[in-house]
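Asks: Each chain, written out:
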Amino acid sequence: MSTHTDRTSSTEATADRSYTPAPERQSERKFVDIRIKRRDRPGAEQRWEDFSVPYRPNLNIISCLMDIQKNPVTKDGAKTTPVVWDMNCLEQVCGICTMIVNGKVRQSCSALVDQLLKEKDPITLEPMTKFPNVRDLAVDRSRMFEHLKQVKAWIEIDGTHDLGAGPKMTQDEVAERYAYSRCMTCGCCLEACPQYDEDQYIGPQAIAQVRYQNMHPSGKMTRDERLEGIMGDDGITNCGNAQNCVRVCPMSIPLTKAIYEENRETILHGLFGWLKR
Amino acid sequence: MLRKLHQLSGIVPLGAFLLEHLYTNSKAAHPERGVADFNQAVADLQAIPYVLFIEITFIFIPLLYHAVYGLFITWETRPNNLSYPYPRNWFYTIQRITGIILFFFILFHLLNFRFGLIPGLNERAVAHYPNEAYEIVSREFQMLPILIIYIIGIASTVWHFANGIWLFLVDWGIVIGERAQRVTGYACIGFGVLLYVLWINVTFAFLRPGGLLGGLLY
Chain A
1 MSTHTDRTSS TEATADRSYT PAPERQSERK FVDIRIKRRD RPGAEQRWED FSVPYRPNLN
61 IISCLMDIQK NPVTKDGAKT TPVVWDMNCL EQVCGICTMI VNGKVRQSCS ALVDQLLKEK
121 DPITLEPMTK FPNVRDLAVD RSRMFEHLKQ VKAWIEIDGT HDLGAGPKMT QDEVAERYAY
181 SRCMTCGCCL EACPQYDEDQ YIGPQAIAQV RYQNMHPSGK MTRDERLEGI MGDDGITNCG
241 NAQNCVRVCP MSIPLTKAIY EENRETILHG LFGWLKR
Chain B
278 MLRKLHQLSG IVPLGAFLLE HLYTNSKAAH PERGVADFNQ AVADLQAIPY VLFIEITFIF
338 IPLLYHAVYG LFITWETRPN NLSYPYPRNW FYTIQRITGI ILFFFILFHL LNFRFGLIPG
398 LNERAVAHYP NEAYEIVSRE FQMLPILIIY IIGIASTVWH FANGIWLFLV DWGIVIGERA
458 QRVTGYACIG FGVLLYVLWI NVTFAFLRPG GLLGGLLY
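One line per chain: the protein sequences are A and B, in this order. When we follow this note's numbering, the leftmost residue of the first sequence carries the number 1, and every step to the right adds one. When we follow this note's numbering, the leftmost residue of the second sequence carries the number 278, and every step to the right adds one.
Heads up, some of the hints might be wrong.
Stated by the list, open to error - Listed below are the simulated BS3-like cross-link pairs for lysine-lysine, each with C-alpha atoms no more than 27 Å apart in a straight line:
| no. | chain 1 | residue 1 | chain 2 | residue 2 |
| --- | --- | --- | --- | --- |
| 1 | A | 30 | A | 152 |
| 2 | B | 281 | A | 257 |
| 3 | A | 152 | B | 281 |
Stated by the list, open to error - Only some residues are given here: those of chain A computed to face chain B with a beta carbon under 8 Å:
| no. | residue |
| --- | --- |
| 4 | 120 |
| 5 | 123 |
| 6 | 195 |
| 7 | 197 |
| 8 | 237 |
| 9 | 241 |
| 10 | 244 |
| 11 | 250 |
| 12 | 251 |
| 13 | 260 |
| 14 | 261 |
| 15 | 263 |
Please keep in mind that the hints were generated in silico from the structure rather than gathered at the bench. If you're wondering where the values come from, they're calculated on a predicted model, not measured in any experiment. Just so it is clear, CB atoms sit at the ideal spot from N, CA and C, and this is done for glycine as well.
Please model the complete structure; the sequences and the hints are all you need to start from.
Replies: See the structure below:
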């Protein structure tokens with residue numbers, strides 16, 4: 001917004017007023033109240049703590065957490081420890097700042113306070129529940145990396161000899177694969193899935209990557225290995241079709257399409273695969 | 278594998294048997310010949326060669342498997358409908374709730390009518406007394422609590438079956454795309470509504486000739 005208004009003349013700038021919230025509503029609010037579910041160390045009891053940070057327009061949750069970090073005092077004025085959370089890119093492409101904001105899983109960098117206050121006041125922040133909680137809002141999501149290893153979510157390229165450029169893909173395939181390539185391993189789909197739990201179900205994240213790699217002409221060469229990665233006890237059959245994954249995915253990945261395409265692949269592989277041996 | 282068999286067993290043989298069950302019951306819906314036709318239908322079923330073997334293989338074993346494994350699946354669930362109140366998420370949870378209702382409803386239904394093992398209520402198995410079949414069922418349905426149990430039980434059955442068809446279609450990779458799933462979903466809802474109307478009609482055929490519709494279609 002700023003670069004645009006800076007370059008325009010003062011008369012034209014008035015036309016851009018719609019970019020900022022109405023001035024009278026800004027002046028009403030001085031503070032934003034935030035309730036945070038905290039944990040001091042792994043295994044310790046969780047507790048709620050209330051904070052109040054100075055309001056300014058267009059705040060996001062990360063900037064509120066930074067304010068708390070600068071001045072770690074609860075709403076009642078008691079001194080406390082700074083809240084721990086993870087962050088990196090601040091533009092919703094790395095996925096690491098994912099947490100439960102107002103009861104729904106999403107990235108805290110793109111969670112805007114002005115919108116959140118319309119949902120709930122005070123705003124609540126909780127760590128994701130499907131991953132081991134390290135401290136406060138930080139979770140250990142290495143489980144998702146294990147999923148990727150389980151399904152061999154990579155493409156074998158040149159070994160001792162050059163495999164060449166590989167066959168061409170159609171535009172449709174390229175477009176579908178591009179959608180799957182956007183996965184940032186944030187864990188929203190697993191958090192919202194009523195079937196996902198440790199070792200119980202591998203979840204949509206890895207299944208979408210199976211689809212992604214198996215659509216690739218070179219990836220197809222090891223297709224069966226990936227299928228077998230999602231055909232175990234924790235595999236694709238545990239999907240309960242609640243379809244929350246596709247609703248909460250911040251990158252709009254067609255996760256359910258991936259699951260159903262792989263349902264067909266695994267069914268055919270399971271029914272007829274053994275007849276080939 | 279076990280899960281896929283669970284899904285399959287819900288359609289074949291259990292779903293197929295459910296439709297056969299509706300067909301047989303619907304014999305009672307004829308405004309004049311209802312009683313005789315229904316009793317004859319029960320007698321005909323009992324005349325199937327190797328009836329006990331067929332009943333055990335195609336009904337009791339799949340039913341037991343579907344019920345017990347279904348409870349196991351339900352045990353694993355971590356519902357979150359209040360945080361994520363999307364329609365499909367509700368369908369997911371209701372499928373499990375109706376499953377639990379059905380476990381007890383079908384247990385009661387079998388003990389009461391198939392085996393006649395509930396002392397003080399009914400001790401005559403419908404299957405073994407074809408001549409009294411209509412009368413036994415009618416006597417039960419005249420008790421309001423029993424009738425209510427059946428109206429709820431049938432609603433759960435129809436929901437579980439109609440949604441189950443949809444689940445089978447998507448789980449077996451037959452219906453994949455978003456639009457295709459939406460269209461199939463509406464088709465399943467329509468099928469479920471039709472089944473429920475037919476089944477409630479025939480339930481009331483045991484209370485008055487012709488059922489709720491009063492033999493309108495005859």
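Asks: Confirm or reject each hint.
Replies: Hints, verified against the model:
no.: 1; hint: 30(A) - 152(A); in the structure: 51 Å, violated
no.: 2; hint: 281(B) - 257(A); in the structure: 19 Å, holds
no.: 3; hint: 152(A) - 281(B); in the structure: 24 Å, holds
no.: 4; hint: 120; in the structure: 12 Å, violated
no.: 5; hint: 123; in the structure: 15 Å, violated
no.: 6; hint: 195; in the structure: 7 Å, holds
no.: 7; hint: 197; in the structure: 7 Å, holds
no.: 8; hint: 237; in the structure: 4 Å, holds
no.: 9; hint: 241; in the structure: 6 Å, holds
no.: 10; hint: 244; in the structure: 5 Å, holds
no.: 11; hint: 250; in the structure: 14 Å, violated
no.: 12; hint: 251; in the structure: 16 Å, violated
no.: 13; hint: 260; in the structure: 4 Å, holds
no.: 14; hint: 261; in the structure: 6 Å, holds
no.: 15; hint: 263; in the structure: 4 Å, holds
In terms of the numbered hints stated before, the structure departs from hints 1, 4, 5, 11 and 12, listed from lowest to highest.
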